[in-house]
Structures are given as structure tokens and as C-alpha cells.
Amino acid sequence: MSKFFISCDEASILSTRDQYNDLSPKEKFRHKLHNGHCIGCRSFNKKSRLFSRTLNGLGWVKLSNPQKNSIKEKLKAAMKK
Amino acid sequence: MPEIKLIPEKWVDRYSDYLFNFTISRVNDPIMAQDLVSETFLAGLKSAHRFKGQSTERTWLISILKRKIIDHYRKSNSKKGKAEVRMSYLENSDQNGDWMEEQVRDLRNPNVEDEIEQKELGEALNKCIAALPERYATIFVQKTIDKLDTETICKEHDITASNLWVIIHRARVQLMDCLNTKWYKKD
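Chains A and B, in that order, give the protein sequences.
Read in order, the letters of the first sequence correspond to residues 1 to 81 in my numbering.
Read in order, the letters of the second sequence correspond to residues 1 to 187 in my numbering.
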């Protein structure tokens, strides 16, 4: 039975991993099974999904690799001095 | 608190995206933001001997960056700076309209409102990330924003995959709480 039923702590970690598509089919099944009977974890999962949607909608700005390399070069040159 | 040492070799990989996000939300010009980040690292290197190890590397670099941003605005608000801005506007445009008017956003346009809201939300989130313990913030950013794979992050920080997920989980819970108080409840 313990193969299928997990604690709320484990379920919340699985919920987080699920946001990064990191769950195996077995883990997905366990997670769904737990959420099926646990209101608290279901609510946390919903909040976590909303949070992920917010993060994905923000359009983070990042430096490209050539930009980072250019800064690294400047920094390296300065460190040699 | 253990004394913190500076590791300039890792600055770009660890902090450049964070500093870039911090800067771009304040100067609104990607090229200028990149220059300011680069100058921050160089200034950090120059004044490394003054680092007392009482704050984290990131906090220290942010304090240098803040001064750089203030200097940038001082320069652009000076007479010479204003002339430079006008010159660069004229170089990029063949129109003769009022450049100041054209730079002002139309607030009646709902897309602009959305954009502003997203920007403010981004700033609130950046503040929340800054309030996380440094290790949590770095790992969260690497996994969520830089989209690095689990193995690479685990190797860099010398942690197991389950440790990584616990850290990310805790970081997310703290960020959700922080956003809840700083953003969603502010109205």
C-alpha cells in the first residue's frame, strides 16, 4: 500500500517537480491519487500551478551567452592587471 | 555568520542574469543595462579589498550596481547627457516630431497597462527573490529562469537531486507567500 500512498510532504515536493515536468508516470499516478483525497494538497497544487503560470508569463530577460562571454573577457582582462 | 569570500570567476555565471533583470527594470535599455552590469563587476573587482565579508556577494554587487544606476541617471539628467539622448533619438529616426511626446506611453491602451502590470509584478518578484537565502535564490533562478538541467545544478552545488527539489520547493513556497503579501494584497 505504501507504494501508492504518499505523505503530504512527499506530495508537495511532487507537486513542485510536476511544475518542471520532472515526474515519472508512477510518480504522477501517486501524486494524483494523493490529491484525490487530500484537499490541502489539491489546493497547494492549484496555487503552485498558478505561480508557474505567473512566472512563465513574465518573460524574463536574460543575457545571451555571447553577452556573458564579453563580460567574462573584460573581467578576466581586469583580473590579470 | 561565516565570513564570505569573493569569487570573481563565478560572478558572471552566478549573478549576471539577476543583476541584468534588476537593471533593465530600472533603465529600460538592454544595451545600457549590459554595460552597467559589466561596469558593476569591474568596480567590484577594483574594490574587492574593501569587501568585509559581512554581506553576501550578491548583496554587495547589488549595492555597487545601485550606485552605478544612480550615476547613469545623474549623467543622463545633466545638460550634456540630455543632448546625448536627443542626438541618439535623431540618429535613429527620420521624423521631426516631438521626441519627448513620442517617448511617453499611451496609458489608455490596455496592452500598455498589462505591460506595466507585468513589469511591476516582475519587480515585486525580483524583490522576493532577493529576500530568499542566497543558495535558494541561485538554485531557483538556475532551474526556473535559466532552465538548467537538474544534473548540472546538482554538480555545481554538490547536492543530490532530492536536495535540489527540496530547496526549489521551499524557495517557491517562500516566493508565493512573499508575492501574496507584496503584490496580490497591495490593492
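These are calculated hints, taken from the structure and not from any lab test.
Treat each hint with caution, since some may be false.
Unchecked claim - Below, a sample of chain B positions facing chain A; criterion: calculated Cβ distance under 7 Å: (1) 45; (2) 49; (3) 169.
Only a predicted model underlies this, so the values are computations on that prediction, with no experimental measurement involved.
The beta-carbon is built from N, C-alpha and C at its ideal position, and this holds for glycine as well.
Worksheet item: Would the hint on residue 169 of chain B stand, with a C-beta cut-off of 7 Å toward chain A?
Response: OK, holds: residue 169 of chain B within 7 Å of chain A, min 4 Å.
Practice prompt. Could you check if residue 45 of chain B really has its C-beta closer than 7 Å to a C-beta on chain A?
Written response: holds (5 Å)
Discussion item. Let's test the interface hint: is any C-beta of chain A closer than 7 Å to that of residue 49 of chain B?
Written reply: Status violated, d = 14 Å.
Of the numbered hints given earlier, the model fails hint 2 alone.
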